[in-house]
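**Q** Sequence order for the protein chains is A and B. Heads up, the first sequence is in the numbering used here, so the first residue is 1 and it goes up one at a time. Heads up, the second sequence is in the numbering used here, so the first residue is 103 and it goes up one at a time.
For the record, the hints were derived by calculation from the structure and aren't laboratory data. Please note that a few of the clues may not be correct.
Partner residues are not named here, just some residues of chain B that face chain A (Cβ under 7 Å, in silico) [to be verified]: (1) T152; (2) I204; (3) V208; (4) L209; (5) V212; (6) D301.
These stretches of chain B come out as covered by chain A in the derived footprint (C-beta under 8 Å, 3 or more residues) [what the hints assert, rightly or not]: (7) 127-141; (8) 178-185.
Fair warning: this is a prediction, and the values are worked out from it, not measured in the lab. Yeah, the Cβ is synthetic: ideal placement off N, Cα and C, and Gly gets one too.
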Amino acid sequence: MNSQHVISIRFYATIFGALLALTLSTAGVAFIDLGGNLNTIVALAIAIIKALLVILFFMHVRYSSRLTWVFVGAGFFWILILLTLTMTDPLTRDWLETTIGR
Amino acid sequence: MSDSTSIIHAHQFDDAAQQHEASWLGMWVFLATEVMFFGGMFLGYTIYRTTYPQAFADASNHLDIWLGTINTAVLIGSSLTMALAVRSAQLDARKPLVLFLILTLVLGVVFLGIKFTEYYAKFEEHLVPGGAFEYADPLAHAAEILFSFYFAMTGMHALHMVIGLGLLTTLVVKTRRGRFSVSYNTPVELVGLYWHFVDIVWIFLFPLLYLLGRHLR
C-alpha cells in the first residue's frame with residue numbers, strides 16, 4: 001500500500017464550495033471600482049488563494065513528501081522570478097526618461 | 103499490474119512506494135515545464151497590459167463575463183469530480199471511479215462547448231485578430247493585442263483540455279479492463295494532477311482576461 005492519503009467527500013465538497021464562492025466574489029468585485037490597481041490586486045489575490053486550495057488539497061500536496069513540496073515550490077517560484085526580473089525593465093523606464101530624457 | 107495482492111515494481115526501485123513517489127515527482131517536473139510554457143504567455147500579457155492598460159480594460163469588456171464565470175464554475179466542478187475519481191481509485195471502488203471519470207469528461211466537454219460559442223461570437227463581432235479585425239477606437243491595435251493574447255492563451259488552454267479528455271477516455275477504458283487496483287492506480291492520480299493543473303491555468307486566465315474593465319464602465 002502506497003502512502004496515499006484519502007480525503008473525505010465532505011472535505012472535498014467544502015473545498016469545492018470555497019472555490020465556487022471565491023469565483024463568484026471575484027466576478028462580483030470586478031464591477032466595483034476599488035481605485036488604482038486595487039481591482040487587479042484583489043483579483044490576483046483571489047486567484048492565488050484558489051490555486052493554493054487546488055494545489056494543496058485537490059492535488060494532495062498538503063499530504064505529500066517534503067521532496068514533492070520542493071518540486072512544486074520550484075515550479076511556481078520560477079514564474080515569480082520570470083515576471084519580477086523581467087518587469088523591472090518596462091516598469092522602470094519612466095524613471096530614466098524623467099531624469100535623462102529631457 | 104492488475105494483481106492486487108502482490109505489487110510489482112520496476113527493478114530500479116526498492117519498493118512500490120518509492121516507485122509511486124518517483125512517478126509523482128516526475129509528473130510535477132512535467133507540470134513545472136508546463137508552468138514555463140504558460141509562463142511565457144503570462145509574461146507577454148503582463149508587459150503589454152502595463153503598456154496599454156486602458157485599451158486592455160476596454161477590450162476586456164467585449165468578453166462575456168457571465169459565460170466566463172459559468173465556465174470557471176464548470177471547470178472547478180470537473181476538478182471536484184476528478185478528485186473524487188482519484189479517491190475512488192484509492193478505495194478500489196471501480197464503479198464510482200468510472201462514473202466520476204465520465205462526469206469529469208462531460209464537464210470538460212461542456213467547458214469546451216461554452217468556449218466554442220464564445221469564439222463563435224468573437225468571429226461574428228470581428229474581434230478575431232487579423233485582416234477582419236474591426237474595432238472602433240483609436241487604440242484598436244492595442245485592443246487587437248489583447249485579443250491575440252485571449253485567443254493564444256485560451257486556445258492553448260483548450261488544447262490542454264482536449265488532451266485531458268483523451269487521457270480521461272484512456273482511463274475509463276483501462277478501468278473497465280480492470281487495470282487499476284488499490285495497490286496500483288498511479289495513472290489515475292497523475293491524470294488527476296494534470297487536470298487540476300489545467301484548472302489552475304484557467305483560474306488565472308479568467309480574472310486576467312475577463313475582469314479588467316468592468317469597474318470602469
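**Q** Would you mind marking each hint as holding or not holding in the structure?
**A** These are the hints, each one checked on the structure:
A cut of 7 Å between beta carbons decides the hint on T152/B: the least distance to chain A is about 6 Å, and the hint holds. Annotation: interface hint on I204/B violated; nearest CB of chain A at approximately 18 Å, more than 7 Å. At its closest, the beta carbon of V208/B sits 16 Å from a beta carbon of chain A; the interface hint therefore is violated under the 7 Å criterion. Hint status for L209/B relative to chain A: violated, with the closest Cβ pair at about 12 Å, above 7 Å.
Evaluation of the V212/B hint against chain A yields a violated restraint, the C-beta minimum of about 16 Å exceeding 7 Å. Look at D301/B: its Cβ gets to within about 6 Å of chain A, closer than 7 Å, so that hint holds up. Taking a C-beta to C-beta cut-off of 8 Å, the region 127-141 of chain B contributes 8 residues in contact with chain A, enough for the three needed, and the coverage statement holds. Counting residues of the region 178-185 of chain B whose beta carbon lies closer than 8 Å to any beta carbon of chain A gives 6, which meets the minimum of three for the stated coverage.
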